[in-house]
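Engineer: Chain by chain, the residues run as shown.
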Amino acid sequence: MLINYIALIMALIFFELTKYGVGIPHWAGFSLIGVFLLILIISFVSVYVKSGLWRLTHKKTENLDEREIQVVTHAIRISYTIFVITVIVIVYLFAIFGLGAIDVVIAATLLYLAHIIPTSILAWTEKEVY
Amino acid sequence: MISRKLYNRIALLRKERSISRKDLAEEIGVNFQTVGYLEREEYNPSLDLAFKISEYFKLPVEFIFSTSPMKPLSQELYDQTKKQ
Chain A
1 MLINYIALIM
11 ALIFFELTKY
21 GVGIPHWAGF
31 SLIGVFLLIL
41 IISFVSVYVK
51 SGLWRLTHKK
61 TENLDEREIQ
71 VVTHAIRISY
81 TIFVITVIVI
91 VYLFAIFGLG
101 AIDVVIAATL
111 LYLAHIIPTS
121 ILAWTEKEVY
Chain B
1 MISRKLYNRI
11 ALLRKERSIS
21 RKDLAEEIGV
31 NFQTVGYLER
41 EEYNPSLDLA
51 FKISEYFKLP
61 VEFIFSTSPM
71 KPLSQELYDQ
81 TKKQ
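Keeping their order, the protein sequence lines are chains A and B.
Per this note's numbering, residue 1 is the first one in the first sequence, and the count goes up by one each step.
Per this note's numbering, residue 1 is the first one in the second sequence, and the count goes up by one each step.
Don't read these hints as lab results, they were simulated from the structure.
Honestly, I wouldn't trust all of these hints.
Unchecked claim - Facing chain A, a subset of chain B residues (Cβ under 8 Å, in silico):
#1 31
#2 37
#3 46
Using N, Cα and C, we set each Cβ at its ideal position, and we do this for glycine too.
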């Protein structure tokens, strides 16, 4: 799970560095982004998909039992707070440092985070996953 | 709100009747992992689920669930024999 988050952050950092052309040639930047994206996909599949956690958080409520509804709701409640704080920090950072509009990669990262934060919370709190 | 811990005899009853967690889970309409959580007393069932379990085992709900730790069945049987 940690590898997944690190890969996501690293891909984002190298995207921004390559975009602004800070100390890294374009070919190296894109190669590193590709490597981190590959790590991201592999770790996503092995941590979230194979464990069944992704399915648990994305199932319809009527297909969950009462305990599952309780744990998923709890995870979503915590992740909502984390997500809102993350979005606010990013928006403020862009505004304070005059980085312009949030680009599509950051928007996609936020969308990905919105989906994996509840799943990550479940991975920490659930003793049994299937 | 922090609810009280509920003790239960689900594991004992299930083993006594040689039922798998999966079979019990299917009968009471929950995931088999939820049965595990119930047996380890890490999850308090709703009233509806508690009644479903008691109906499945054909035993009174107070015999399966309790707010105080469950006595061993042999002790309970002995106490009842003494009362009679």
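Engineer: Give a verdict on every hint.
Structural biologist: Right, here's what the structure says about each hint:
no.: 1; hint: 31; verdict: holds (5 Å)
no.: 2; hint: 37; verdict: holds (6 Å)
no.: 3; hint: 46; verdict: holds (5 Å)
Consistency with the previously given hints is maintained throughout, with no hint failing.
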